[in-house]
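Position chain B relative to chain A; hints supplied.
So the chains spell out like this:
There are 2 protein chains.
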Amino acid sequence: MARLVGNAVIGQSGGPTCVINRSLVACVEELRKAKQVTGIYGARHGVEGILCEQFVDMKGQSTAALAKLLDTPSAMLGSSRKKPKPADCARIFEVFKKHNVRYFFYIGGGDSAQTANIINELARGEGYEFRTFHIPKTIDNDLLINDHTPGYGTAARFVASAFMGDDLDNRSLKGIKIDVVMGRHAGYLTAASVLGKLEEDSGPHLVYCPERVFRFEQFIDDVDRVYRRLGRCIVAASEGIAVGPNEEDLITTEAGEVLLRDEVREELPKDAFGHAQLSGTGILADYLVYRARKALEPKHGKLRLRGDTFGYLQRSFPGVMSEVDAREATQVGRLAAKYALSSDVDGSVIIKRKKGKSYAVEYDWKPLSEVAMGEKGMPDDFINKAGNYPTQKFIDYARPLIGKMPKTGLLMAKPVKKK
Amino acid sequence: MARLVGNAVIGQSGGPTCVINRSLVACVEELRKAKQVTGIYGARHGVEGILCEQFVDMKGQSTAALAKLLDTPSAMLGSSRKKPKPADCARIFEVFKKHNVRYFFYIGGGDSAQTANIINELARGEGYEFRTFHIPKTIDNDLLINDHTPGYGTAARFVASAFMGDDLDNRSLKGIKIDVVMGRHAGYLTAASVLGKLEEDSGPHLVYCPERVFRFEQFIDDVDRVYRRLGRCIVAASEGIAVGPNEEDLITTEAGEVLLRDEVREELPKDAFGHAQLSGTGILADYLVYRARKALEPKHGKLRLRGDTFGYLQRSFPGVMSEVDAREATQVGRLAAKYALSSDVDGSVIIKRKKGKSYAVEYDWKPLSEVAMGEKGMPDDFINKAGNYPTQKFIDYARPLIGKMPKTGLLMAKPVKKK
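Residue numbers (our numbering), protein chains in the order written: chain A, 1 to 419; chain B, 420 to 838.
Be careful, since some hints might not be right.
Claimed, not checked - Heads up, simulated DSSO-like pairs for lysine-lysine below, C-alpha to C-alpha not over 27 Å straight-line: (1) A:Lys-417 x B:Lys-454; (2) A:Lys-68 x B:Lys-833; (3) A:Lys-418 x B:Lys-454; (4) A:Lys-299 x B:Lys-502; (5) B:Lys-501 x A:Lys-299; (6) B:Lys-478 x A:Lys-417; (7) B:Lys-478 x A:Lys-414; (8) B:Lys-718 x B:Lys-593; (9) B:Lys-502 x A:Lys-82.
It should be emphasised that the hints constitute simulated quantities derived from the structure, not laboratory data.
The following block holds chain A by itself, in its conformation from the complex:
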């Protein structure tokens, strides 16, 4: 092939992750080596920046300046939730032509692959020589074709650590604790709650993912059973159980906001509205706490019931990076540049897991359209029959992705005889 000479644009899209800047830096470093890449433009806030020509010069960045970004969470170029309309895509393509952009890299999830695909199709249609590569990223781990996605391992490590700590806290002061985890349609992150367990009886004891129907009756029975056995119970609930296959009491608006159904709201005692433990929060966590309290206190008496929602910390907390995730985020960024520079193809970088006992991956690429086609939930055999806990198969799958966990342990001590 003839070398395609021109500028490169790189952008970041969707929810930030802790390793997305690894992909950015690796891609830029690789592009800087290529003579045919005349300029490297970072798009501010993804397609929004492209639409109004807000680019920053990434070619002029020193290696030292870029190195500072390696362990920095968030999308350093700025991110965007915008899903460009056809007219936007045409405008983007105009901007690219005006700036002689011949290489376009977009780091993001399925939506970003779709955007990249549309722009790429426009270029093809006009016979404009142009290379597009999508670089995979999402903490939800819901990207098609990929074994897993950069960003997930570190977020999963945060969630596993959070539950490890929460279990220890709950052993100190016993009670029922309900924690809500990110992941609207896929339960991968919620299921990661079990990866930091120190022993069989460690929490979370119950895990509810959006792939399965959530029923309040079962939830109450489950919590009751665990509480009777252990005198405590920790629940991991995906925020997505409210938008999953069953939505008993919660509904989701088109804007993605979660509401209580009117009937439910009216049924709540006046108290429960303004009424929450200071450390227990979030409408879903609060509501699960409320339902559990209403059902279980008549049987057990006053319960120590709390709810927490882990929120944005799951995707942004610095200093808890999975080394596996960091390495792979670097690789997909580097390979996107390599593929685009060395061959006549457009696509998305893909992570495949090698068969074998020890964890290893290989990389490949697939056409943009294949990755952009949708998103995937967890396979059926990653969740147990009862729909309240991940299977060993999930654990085997996810454990290698989160890296080495902090070393912690439990006290094993003999009781002293009473007198």
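What follows is chain B alone, placed relative to chain A:
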């Protein structure tokens, strides 16, 4: 003095921290060296375990088994919120006499010092030879006399890290973000939100502590001003602003639950009840978001407004320990044993800061009654006049306590000229 021969009891009390087991292990290790200590009993769940003679053998623990606890968050013996009544204290003293307990160590905050003091006074009253030492612990940093308290440094490091990440996240996807931080009466932990700032314009931009009157009007004006300047705004609000000197809309029950005043609840549009962003949570965070939205959207149009409540992660998240905090938690545990074994005194171990440019501390002890007398908020000159940000004096005070932060950086890149 004659060597006092007998058993020792050690217990943990109040909210767990990430370094409280350091104090436990250090105290036990020191006691194991002393021949006059015949047995070392860990009390399960503090005074609750003592009341029903639930002790575990700590003398039989191997050094390797104890070492596993060093980096393990939570109160490994189990903790307790119980404030013993006079009858309980008498019962505790009976149990101690029955088991020939001559040394009592209680790791906790001001309440624990008070409990230790009452039991100690009982022993004195009966002429029972008995040594009591309180070992300081609290993430709230509100213990009297001490420069600071073990547990605070690590919790402050978590909060500083969380805001560092949240600021980076908020740069990626701009908006107004309100984060609620633990600390019902003291603002130390909330003020720690500023310790991870990467530059002047980093969040949090506004910090509200319970030591100052919280006024919604000022809050709205403050947020509006920052948002106009930066196009984004991050707020750190102490959960304690609801129980602080001013309680406009929120009230706290004796049980410590926070309620919205009835008038406010009625004023809220129906929507706002069941209505929350999935990642924005907690009655206080949600309510601050609601107030900001109501006041600011008429001026600015639709805003990206979110709230998070950091919850129990602040005191239990593993792997982010401050090395300074860990060292000091070890020292206070060790010294409590040393003081009790080598002298005729009862008291609480105290941390004092040495004068001088570089950070250094020295240890001492004070009578139990002095530490048990109450709790302290932040000094007036740790908060600015406007009551919406910590001063440099606070930063100088707190910065050495949180240890070395993760290395992160911002992208500094020149804009590319538009065409």
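Hint by hint, here is what the structure shows:
Proposed proximity of A:Lys-417 and B:Lys-454 is supported: the alpha carbons are some 21 Å apart, at most 27 Å. The hinted pair formed by A:Lys-68 and B:Lys-833 meets the criterion: a straight-line CA distance of about 17 Å does not exceed 27 Å. This hinted pair checks out: A:Lys-418 and B:Lys-454 have alpha carbons roughly 23 Å apart, not beyond 27 Å. A threshold of 27 Å between alpha carbons decides the hint, and for A:Lys-299 with B:Lys-502 the separation of about 26 Å falls inside it, so the pair holds.
With a CA separation close to 23 Å, the supplied pair B:Lys-501 and A:Lys-299 stays within the 27 Å bound. Pair hint B:Lys-478 plus A:Lys-417 holds up; C-alpha atoms about 14 Å apart against a cutoff of 27 Å. For the hint linking B:Lys-478 to A:Lys-414, the alpha-carbon distance of about 10 Å falls within 27 Å, and the restraint holds. Note on B:Lys-718 and B:Lys-593: the hinted pairing holds, with a Cα-Cα distance of about 17 Å set against a maximum of 27 Å.
Between B:Lys-502 and A:Lys-82 the CA atoms are separated by roughly 54 Å; this puts the pair beyond 27 Å, and the hint is violated.
In the structure shown, a violation is registered for the earlier hint numbered 9 alone.
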